[in-house]
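Read in order, the letters of the sequence shown are residues 122 to 234 in the working numbering.
Zero decoy hints are in this set.
Restraint ranges, calculated between C-beta atoms of paired labels, are given here: (1) Gln190 to Met220: 37 to 45 Å; (2) Met220 to Gly183: 36 to 44 Å; (3) Ala131 to Gly231: 42 to 50 Å; (4) Asp194 to Ala125: 25 to 33 Å; (5) Arg129 to Leu198: 17 to 25 Å; (6) Glu130 to Val172: 21 to 29 Å; (7) Asp230 to Arg201: 41 to 49 Å.
None of these hints come from the bench; they were simulated from the model.
Positions of the beta carbon are idealized from the N, C-alpha and C atoms, including for glycine.
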Amino acid sequence: PALAQRYREASVFVLPTLMEGMPLVVLEAMACGLPVVVTRNGPAGIVRDGVDGFIVPERDPGAIAHCLQRLYDDPVLRARMGRSAATRALEFSWDVYAMGVRRQLTVSDGTDA
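Please take these sequences and the hints and turn them into a complete structure.
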């Protein structure tokens, strides 16, 4: 509950990671309707640049600052990206994941699931 409250209080989420496996925190932020600014080392497979947020080069604080300034200056862009991020996060839900696993199992054994 406290974490969800922090996401609700935020306007944008930034993860300037150098290496990331499955960036759950990015999906959490997106699910809460936050546009995200991430580096291309992991979350870039989830975030659509210019749609759900921005993808920046690693070790480039100037690029992060530029993206944050754009989102600060343009509340319409920020809101649009936040809505898109929330919709995109649904594509990574447990239900969607389970359907994919079920589909793969069905294909591999030739039966209907």
